[in-house]
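Visitor: One letter stands for each residue in the lines below.
4 protein chains.
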Amino acid sequence: MSSRLIDSLATTDALAEVFSDQSLLQAMLDFEAALARAEAKAGVIPDRAAEAISAAASADGLDGAAIAREARGSGTVSIPLVSALTARVQATDAASARFVHFGATSQDVADSAMVLTIQRAHATLSGDHARLERTLRQLSDRHARTVMLGRTLLQPAPPITFGLKVAGWVAALVRGWKRLESASRESAVLQFGGASGTLAALGNRGLDVSRALAADLGLRNPEAPWHTHRDRLGALVSACGLYTATLGKVARDISLLMQDEVGEATERGGGSSTMPHKRNPAACAVALAASTRLPGLVAAFLAGMVQEHERAVGGWHAEWPTIADALQATGSALSAMADAAAELSVHADRMRANIERTNGAVFAERAMMLMTDSVGREPARRLVTDALARSRETGKTFGEALLAMPDAVRAIPADELRTIDVPEEYLGAAETLRVQLLNPEL
Amino acid sequence: MSSRLIDSLATTDALAEVFSDQSLLQAMLDFEAALARAEAKAGVIPDRAAEAISAAASADGLDGAAIAREARGSGTVSIPLVSALTARVQATDAASARFVHFGATSQDVADSAMVLTIQRAHATLSGDHARLERTLRQLSDRHARTVMLGRTLLQPAPPITFGLKVAGWVAALVRGWKRLESASRESAVLQFGGASGTLAALGNRGLDVSRALAADLGLRNPEAPWHTHRDRLGALVSACGLYTATLGKVARDISLLMQDEVGEATERGGGSSTMPHKRNPAACAVALAASTRLPGLVAAFLAGMVQEHERAVGGWHAEWPTIADALQATGSALSAMADAAAELSVHADRMRANIERTNGAVFAERAMMLMTDSVGREPARRLVTDALARSRETGKTFGEALLAMPDAVRAIPADELRTIDVPEEYLGAAETLRVQLLNPEL
Amino acid sequence: MSSRLIDSLATTDALAEVFSDQSLLQAMLDFEAALARAEAKAGVIPDRAAEAISAAASADGLDGAAIAREARGSGTVSIPLVSALTARVQATDAASARFVHFGATSQDVADSAMVLTIQRAHATLSGDHARLERTLRQLSDRHARTVMLGRTLLQPAPPITFGLKVAGWVAALVRGWKRLESASRESAVLQFGGASGTLAALGNRGLDVSRALAADLGLRNPEAPWHTHRDRLGALVSACGLYTATLGKVARDISLLMQDEVGEATERGGGSSTMPHKRNPAACAVALAASTRLPGLVAAFLAGMVQEHERAVGGWHAEWPTIADALQATGSALSAMADAAAELSVHADRMRANIERTNGAVFAERAMMLMTDSVGREPARRLVTDALARSRETGKTFGEALLAMPDAVRAIPADELRTIDVPEEYLGAAETLRVQLLNPEL
Amino acid sequence: MSSRLIDSLATTDALAEVFSDQSLLQAMLDFEAALARAEAKAGVIPDRAAEAISAAASADGLDGAAIAREARGSGTVSIPLVSALTARVQATDAASARFVHFGATSQDVADSAMVLTIQRAHATLSGDHARLERTLRQLSDRHARTVMLGRTLLQPAPPITFGLKVAGWVAALVRGWKRLESASRESAVLQFGGASGTLAALGNRGLDVSRALAADLGLRNPEAPWHTHRDRLGALVSACGLYTATLGKVARDISLLMQDEVGEATERGGGSSTMPHKRNPAACAVALAASTRLPGLVAAFLAGMVQEHERAVGGWHAEWPTIADALQATGSALSAMADAAAELSVHADRMRANIERTNGAVFAERAMMLMTDSVGREPARRLVTDALARSRETGKTFGEALLAMPDAVRAIPADELRTIDVPEEYLGAAETLRVQLLNPEL
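Residue numbers (this note's numbering), protein chains in the order written: chain U, 490 to 931; chain L, 490 to 931; chain Z, 490 to 931; chain X, 490 to 931.
Wrong hints could be hidden among the right ones.
Identical chains share a label here; the pair holds if one copy fits it or two copies do between them.
Derived DMTMM-like pairs (lysine to aspartate or glutamate); straight-line CA-CA distance at most 20 Å [said to hold, decoys possible]:
hint, residue 1, residue 2
1, Lys667, Asp705
2, Lys530, Glu914
3, Lys667, Asp630
4, Lys667, Glu930
5, Lys885, Asp896
6, Lys667, Glu845
Treat the hints as calculated values from the structure; they're not laboratory data.
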């Protein structure tokens, strides 16, 4: 009944465990146990009941599929879960069974369990982000002086350094991670409100129970229950979308660099079932797959946020698969890219060779800028265009072609003309920008 | 490791089985066995190899999670699956092992297996659609004369019949199902092209093998492999989106009618964990949840369709979870609404009472239309507005108020004035439209 | 050629002006003028050129449609815009024309102009948010004690106060606005990098120019150009999605309360072309329309973020309509709800009446909680179910039914039994929660 | 106030006109005029009124922006439009003014006008599709024998022909266009139902009027009004999404082939504001931008389809911008790709050279297939891997490396070994598949 295979590229083992039936059942039971303890502490139920409930609150032996099946009848997994827990307590301490789930509503346990699960998922992602960031920082430093083509609309442009490109990745990933971390922290908030969100069933002890319950679960106690205000979770899913989009951008860049004709970087990759010569950008494929799916998942979550009154009909019921998919896809992409970055082969020679094979054409801008001041823009453009044409016709480099044109020689300072197509001489502020990207606070 | 719980409202037992690891593994193995048979038939491999491969092609004992784990390395489940099958054949008939997956590429087996799985899923949906359509047709017929408020922007409008409303549902569901069926049929197409989609590995026997393989699997043999042309699958997922949107519309209508203050229809519904008096529209919640998610799933699929060259990096790898989720959510919504329709309680008395509690105001349009011809639009509007105001002030019905206004009495034919607020007298073409909706060919 | 009509509900006059051709052209010209000044300051171009360019940089008389048409050829509006500006400068000071757009790339001007436009749009929204928040705070305070049904899955639940409901709206809107404001602030960042993002064309003065240019435009100078790192804009569009989802939730609640059968609140609304009696929730329709569109717009933006190398092919080109639509739809929804809130009629009598018409059934939970301790859960549930049945059969209230049942009388403390169905006695922590929601820092 | 600039890449001049204010106002007025004529024909209103209304029904001089502004009050453009028309008729023939919009509801005119507009938009697209299909068919035929690398996951794979690649594009575009055409035809359906969709305001002549009105407008008369059943429009928007996804796939392929390092095809492209040497894939950028946006637009439409009762609050109001954007973006992408295809330069020499620069490695599969039968899979894989390694080390081709390995020479038939790396010898069924793709009925 499991669909691990469908999600083979869409999750990791660690995250599949976090969102497994056992894990979710346990999170729900953890809520029920903590609720009982909080209520005992507040004098709402007997201590003995809290103990009996805590003791029974283990997911071992519970049948997730059966609970899932029953959930369809009531629209929530909480009802069969509470029944199962109640039956267990009943078996050991009949008098305490009445205090299971006391004063809580189905959504309280379901939401709080999902919040706890999200925190676990976030912790899983956290290590991979740190690893990816660290690896990429080193990569950027190592290649601070490795020149390569800039590429705009997939066409050659003036050179950059590979270090700068990687630093751009790092900065965007760090911004994305901060958003994700902040959204995750904001979402670490207890859900507890009872039927209508007023805690009325607990008389005047509702707020005390709420505080104690939050503390027990390690969650923040919010201003009020948020049964139909899902913006914190929406912000989290959106943050997954933003972060994964950057992972996808990195993966796209690498997969483009890895093209045989470009050959500037190679991820370890995976083999092919039929082609012994092949090395596929398998990690990039995983990340790009995630960045393909996330926008739709974010849309699905946002669409469900328009929820009715004090509990939604449908919007809430749509959330679980979306949250689980968003976090798992994000984590899968992250894990793949952390691996890919750690084992990335960079081919600095090909980078330089690809600049050279443009025969200097990418320095046309440089020549034009240098001449514009002295001769004006249109004459400069004409000279450059002529030089490009000559270069194409004769096979000479663009620089050589310029040197053969007296007007160009007059218009460009001699020392600049001599090095017109030396990549290192046309990097502008690349290194400063690189350092700034890696140290945004400076 | 299973996540049945996350999807408790997002699938059914039957569909969870269709998309289970065992089911998918078997579909992949069915492809490999059929391929071997087709190749033996075409003289590409020995008959004995086909027999050995067919005999070994059972998912029993295969570990889906392990295969899923290995898939991350290569970016496809096909490679570990083929390895596992090869090992099995090796164990029983070493000489035949070389012919496993002969001339096929990973995507051939993965895509064809998904196509087979889709056909199974579609068959599952088919029964529920037939049941839903049949039930709603009967419901429409039964309530051909049951008057109720039309409601526009959630405000009372002139009356309709419940039969007409239900017939509108039926017609849209039938249109949606036709789209889904046609897209499902179109997608029932073999994938078989080898590494680059030319079948080159099979020399001049590729087309023969393809034909035989398609026939063996009960799939259509397409004009050519479609490794990066995913429009047939995209059309299927879109059709799920369109159909589920109508299911969502039906669910929205029912959940609105089921509001306590409206009380015109009630689904059997589910209970509450805390409120013994409650009956929740649980089936509607399931359907609305699906219609909340589908737009994002459709978007995810469409976004992934922009695939590179002869095999995509990422776009293809994103598809499986989306297809599985789309079909399961559609089927879950359909099953829920088929149940809800079968057990829907309709409260004709409340329908009439809700018309009556508007005190005739919804017939204001009728009065205006009747007077416009004789007195002109603005005078008619003034008279109607006056009558509405008097009705509100005095508690008299709108009809009584009109009768007390000599200008109105002059302007409206007497027999029409007398029945001005009789719903049955202001149904226009409702019954003809209802019959046409149920019989669109007429 | 304008499509103001298509967007009639999707923008406001103020926002349509912000995103008009004239406004965008001016923003682009503002960039070019500021660039010239910054370059003059840095000694890159003559002061005189900066003056000539600044003087020519007015959108008056430019033909947006013509520029749009030419943009298709090059893939950017910047090229025809720069041509038009150059021609103007040429006409007045030929020697300065060469310094137009000096060292900048098309994306620099297009992105910076959009950033400036976003800031203007945000300022427009800001006033409406303040107005909406203020109005709703007052509304919440005014109705701190107005009891109404809680409603879960559109079914009656124990009472809340209207003040609490509104406070929930306020808190979510405030959280959403903070996200939007923070994302807007983060996105207020200059784009300036030249062809490959290294500022190479400006030699060693690129960073000086960048700093001065940012200061001139009132934008932050970023760590580095962000030509293919669009996360700041993505965060802004996502924040629009989150905020509009809450606006949609408020609109959904109001439109549901405004149903004739519920009748608890009424927005001023709009009339009908055919039904003189009608008052439609027109403002809610505008907000719900926006919240319907935003998820797809967010998805579109996120999908475009996977951008290639140093300038994207397609992803970047997709952004403008999405950003413009997202901000305008958000602002349209916000303006509509600010109006609706300011003129909302609240019908406290109907709120109470709707509680009463449940005949006490919504207090079933209360009775059950009160009895659980003494008799246990299942006996309590049986007693409550019995009482509900008697109430339905006899027309007595649930409280009266309980009073007639000796077991219930024994199980519930007398003073609680007497007030079992008094809404004010079963509000739990509603007022404290309300105050906390309005003052989240406390 | 126009935003032509924002949409510069997202529409064409022709489509911008189709969705302009004037065009939409005229479509609405065409409905009102046709309605009057149909009602006169059915004897519902005087002939003279029909003439007066027809005569007044011209959009000339109407102020779209003013009507848009008023629309916010009522939630529909129909009300101010009807007012404006009524005022005009009033001015020339006061007695006829009362018959303007007689018996229709706002949504009738708005929906029917949009349907008419869609038909005009579709006609615009139609020519471009025919042009694109024709051009690509010729291109495919011309390059039936032009060999090039297959590329899977952006890595070199066994060869295909450019003709086959283009034929794949053609077949997918033709399938997509059929879907679009069929959806467009299905959506060409009158909306006419009056307030609640029963035509009650027209007594027993509603159906006659409906038939005549449909005939006058050249639209199909549906089984019943479809005020809240939007699946036909949803199918159209989805079909735009599917078709544009294929346009995006073609654009992605071309933009990848146009990379300087690949250099196999070049679109005419656009220049750069700063880099004289550049030729950007501007048409591909337009198409990829559209395929980036469409998934979100489809999602937005689908999300809005869950519409309440007889007229939605919000869902309907969200549709216009989405429909207009979807059709315009589709048409913009189509027009761009039709241009690009017509002027595409194909570099067959580079295609062959890129095969050759793999030094035969892409024929590794071929060698393995040829050896598998005789030596078994694993030995074959070892031999091939050895040969690949030798080729890499020595610079010899893969074929030469094999020839130097006695085991390989034994395992592969001599004539096959001699031509092992001749692309033309390893094209499998490419040409048959190409022909089948271009002639799917065969």
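Visitor: Checking Lys667 and Glu930: alpha-carbon separation at most 20 Å within a copy, between copies, both or neither?
Guide: within (14 Å within a copy, 22 Å between copies)
Visitor: If the cut is 20 Å between Cα atoms, do Lys885 and Asp896 qualify within a copy, between copies, both or neither?
Guide: Intra 18 Å, inter 47 Å, cutoff 20 Å: intra-copy only.
Visitor: Pop the pair Lys667 and Asp705 into one bin, within, between, both or neither, using alpha-carbon distances up to 20 Å.
Guide: Close neither inside one copy (27 Å) nor across copies (29 Å); limit 20 Å.
Visitor: Is it within, between, both, or neither for Lys667 and Glu845, if the alpha carbons may be no more than 20 Å apart?
Guide: neither (39 Å within a copy, 47 Å between copies)
Visitor: Between Lys530 and Glu914, at a C-alpha cutoff of 20 Å, which is it: within one copy, between copies, both, or neither?
Guide: Result: close neither inside a copy nor across copies, 72 Å intra and 24 Å inter.
Visitor: Checking an output row: Lys667 and Asp630, CA cutoff 20 Å. Within, between, both or neither?
Guide: neither (22 Å within a copy, 36 Å between copies)
The structure fails to meet hints 1, 2, 3, 6 from the earlier list, while all remaining hints are met.
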